Amino acid sequence: MSKVNGTKLVLRLYVAGHSPNSMAAIDNLTALRRDQLKDAKVEVVDILLEPERAMADRVITAPALLKVSPQPSRMLLGNLSDQSKVLQGLGVAAQS
Amino acid sequence: MTSKRKAKTASKVATQCGVAKCPTGISGFDTITNGGLPRDAVSLVLGGPGCGKTLFGLEFLVHGAQDYDEPGIFVAFEEKPEKIMANAASFGWDLQGLVKKNKLYFLDAQLSPETVHAGEFDISGLLGMLKSVADKIGAKRIVFDALDMLLDLIETPAAQRKEVWRLNDWLASSGLTAIMSLKVEGKPSELVPGHYGWMQFIPDAVILLRQEMTKYFSERMLRVLKYRGSEHINNDCALVIADNGINVAELRAFDTLPKPSKKRVGTGIERLDHMFGGGYMKGSGILVTGSPGTAKTTTCCAFADAACKRGEKVIYFAFDETGPEIIRNMSSVNMDLDRHVKDGLLVFRNLHSRFLNPEETYVYFLKELRDSEASCMIVDPLSSIGTDSGAISLMAKRLLYSAKARGVTSLWTSLIDDIATINSNEMSSAGVSTSADTWIHLSYKVIEGERNRGLTIVKSRGMGHSNQVRELVLSSKGVTLTDVYTSSGEVLMGTARAQKEASDRAKETLKRAEFNSRQRQLEADIEVLKREMEVKLEEAAILKQAETLRYEVEKEALAYTLAARGADEDDPIKPGRKSGGAKRRTRA
Numbered sequence: 001m002s003k004v005n006g007t008k009l010v011l012r013l014y015v016a017g018h019s020p021n022s023m024a025a026i027d028n029l030t031a032l033r034r035d036q037l038k039d040a041k042v043e044v045v046d047i048l049l050e051p052e053r054a055m056a057d058r059v060i061t062a063p064a065l066l067k068v069s070p071q072p073s074r075m076l077l078g079n080l081s082d083q084s085k086v087l088q089g090l091g092v093a094a095q096s
Numbered sequence: 097m098t099s100k101r102k103a104k105t106a107s108k109v110a111t112q113c114g115v116a117k118c119p120t121g122i123s124g125f126d127t128i129t130n131g132g133l134p135r136d137a138v139s140l141v142l143g144g145p146g147c148g149k150t151l152f153g154l155e156f157l158v159h160g161a162q163d164y165d166e167p168g169i170f171v172a173f174e175e176k177p178e179k180i181m182a183n184a185a186s187f188g189w190d191l192q193g194l195v196k197k198n199k200l201y202f203l204d205a206q207l208s209p210e211t212v213h214a215g216e217f218d219i220s221g222l223l224g225m226l227k228s229v230a231d232k233i234g235a236k237r238i239v240f241d242a243l244d245m246l247l248d249l250i251e252t253p254a255a256q257r258k259e260v261w262r263l264n265d266w267l268a269s270s271g272l273t274a275i276m277s278l279k280v281e282g283k284p285s286e287l288v289p290g291h292y293g294w295m296q297f298i299p300d301a302v303i304l305l306r307q308e309m310t311k312y313f314s315e316r317m318l319r320v321l322k323y324r325g326s327e328h329i330n331n332d333c334a335l336v337i338a339d340n341g342i343n344v345a346e347l348r349a350f351d352t353l354p355k356p357s358k359k360r361v362g363t364g365i366e367r368l369d370h371m372f373g374g375g376y377m378k379g380s381g382i383l384v385t386g387s388p389g390t391a392k393t394t395t396c397c398a399f400a401d402a403a404c405k406r407g408e409k410v411i412y413f414a415f416d417e418t419g420p421e422i423i424r425n426m427s428s429v430n431m432d433l434d435r436h437v438k439d440g441l442l443v444f445r446n447l448h449s450r451f452l453n454p455e456e457t458y459v460y461f462l463k464e465l466r467d468s469e470a471s472c473m474i475v476d477p478l479s480s481i482g483t484d485s486g487a488i489s490l491m492a493k494r495l496l497y498s499a500k501a502r503g504v505t506s507l508w509t510s511l512i513d514d515i516a517t518i519n520s521n522e523m524s525s526a527g528v529s530t531s532a533d534t535w536i537h538l539s540y541k542v543i544e545g546e547r548n549r550g551l552t553i554v555k556s557r558g559m560g561h562s563n564q565v566r567e568l569v570l571s572s573k574g575v576t577l578t579d580v581y582t583s584s585g586e587v588l589m590g591t592a593r594a595q596k597e598a599s600d601r602a603k604e605t606l607k608r609a610e611f612n613s614r615q616r617q618l619e620a621d622i623e624v625l626k627r628e629m630e631v632k633l634e635e636a637a638i639l640k641q642a643e644t645l646r647y648e649v650e651k652e653a654l655a656y657t658l659a660a661r662g663a664d665e666d667d668p669i670k671p672g673r674k675s676g677g678a679k680r681r682t683r684a
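As they're listed, the protein sequences go chains A and B.
Going by the working numbering, 2 is the number at position 2 of the first sequence; the sequence numbering is gapless.
Count along the second sequence from 1, then add 96; that gives the number in the working numbering.
Bear in mind the hints are in silico, worked out from the structure with no lab data behind them.
Here the structure is a predicted model, which is why all the values come from computation and not from measurement.
Heads up, the beta-carbon is just placed ideally off N, CA and C, and yes, glycines get one too.
Be aware that a few hints might be false.
Said to hold, decoys possible - Distance windows between CB atoms, simulated:
hint, chain 1, residue 1, chain 2, residue 2, range
1, A, Lys8, B, Asn340, 48 to 56 angstroms
2, A, Glu52, B, Ser208, 16 to 24 angstroms
3, A, Asp39, B, Pro209, 47 to 55 angstroms
As the list claims (entries may be wrong) - Quick partial rundown of chain A residues pointing at chain B, CB under 10 angstroms, derived from the structure:
hint, residue
4, Thr30
5, Leu48
6, Leu80
7, Ser81
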């Protein structure tokens, strides 16, 4: 389900410490993984702890979800509260 | 939260009575702001596209890193750092080197257009990154270039303000001096930046950059809209992007000039020196006006030549003629300027005035003047800078002031046909006639089909000067002044003067001849009289001789009579007693 064109979805979630939006993003992504993004590989990176990585990925706002693979990579800004936008952005069709 | 913020702002204002400044190193900007941007505070730079916002921020960081040992961070929201660096390559800054030395850090904060908004977010992550970078390189300065790009991502105005306050609060505690740049929407003359109008109430200083077309020229202007707790110029100041970066036309009302010098500098025209009682005043501004061909350039070159011969450095801004042309033309009046150019004392700068607006010219002049370290400056002619006489006037006054501030003696030429129209036509002298310390007017006088050049000193502050019109004579021997012939209130020059002088000489000769002849006649008369006198004297002598002879004859006759009467022969005969004795003897 969470495969896009047969390739496993690799995601990287950038958060800024324990800011409310970051905490919300973690919650929202966890909820999504329960359903639509079951097989997705997710890494959570705290910008405050690893700023170099965020810079390398040109992440400037948090939270931000980066679709690492499959290509093309895509950046999703925000706390991921809008599920349909997240799935659309990742190229995963929302399950009916 | 709000009250806390207010308290913070208030305390900030309170401590700003004597705001600490952070020098930008941007030419002229630190002068008009009396030291630079507010230190450890936020400044907002507003402007439309192409006004120089990015460059302003970048130069602030470059000078900080290079000149003040204050490393900086450039947060690029709009352009890629590589592109910014490539664009700045022409300014000769070693950006790569500064980056390598950890003096400069570019954060690529460009957002991909592919970015999807999927809920609320904030900039705390950005601030986290910036903190780590700031700590790493010991940053003191930071620039957020095109912050509007970030704000555009945030959907509601309330959320935008929240993020700006978050940024502001973070900066307040970071010890960084910050610039945020923001695009202005709509008309460039509108001061409120489009939909981020509220932004200008947050920072301590707001600087507006704009670009406008005035008649033929595109002009960039800078204005300090607000600067909490600091005096500053709040007029439009010209902003020119030259090969050294941004240049702001500096001039403050509260600027003071150095103590004026009493020294004189030679004009290069010997008799003009006499007319001024020694030469031009050192560090003064001399306006040379006149119609085309009245030898304005020659007058300037004579001064330049004299200055170079004294070993002084001269910068010559030429508009109508190029340096080589001037050099060639001056050789006809026995002036060897080429030698001075080769010695590096005389520097010609040729400008095509039609491509420059007055403010741009001003900035260029100032830069050249500074770089050349010249002690004499010539602007020839001022009247060809641009078409807006008001702007030329403003610019000329500022440049004159700047020259004086550097102790530079400056000569300006301007096209004026008739001195009588100067008051009604003040603009043609570009308004310098009132600011200039000395004003020399060159004119033509047409007499008997001949044009001759006349030189008048219209004014000369603080020095006695001749009120007489002199004739300016250019010859293969050089430039000289001659006295004009004033005859029954008429000023004669050239051939008319020569003729008048010749006719007067003839008259004089005639008079002299007449005198001589009269004198000779008198001498002749005297001679005649002398002869006459001699004759009379001779006559007198003859008469006397005749008388003596008659007496002798008489005496002899008497003696004969006496002898005949038997008188004593030994008795001396005296004419008086002769007859008595004779009488006595007669009685005896």
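Comparing the hints with the structure gives:
no.	hint	result
1	Lys8/A with Asn340/B: 48 to 56 angstroms	55 angstroms, holds
2	Glu52/A with Ser208/B: 16 to 24 angstroms	19 angstroms, holds
3	Asp39/A with Pro209/B: 47 to 55 angstroms	29 angstroms, violated
4	Thr30	14 angstroms, violated
5	Leu48	4 angstroms, holds
6	Leu80	5 angstroms, holds
7	Ser81	4 angstroms, holds
Comparing the model with each earlier hint shows violations of hints 3 and 4; every other hint is respected.
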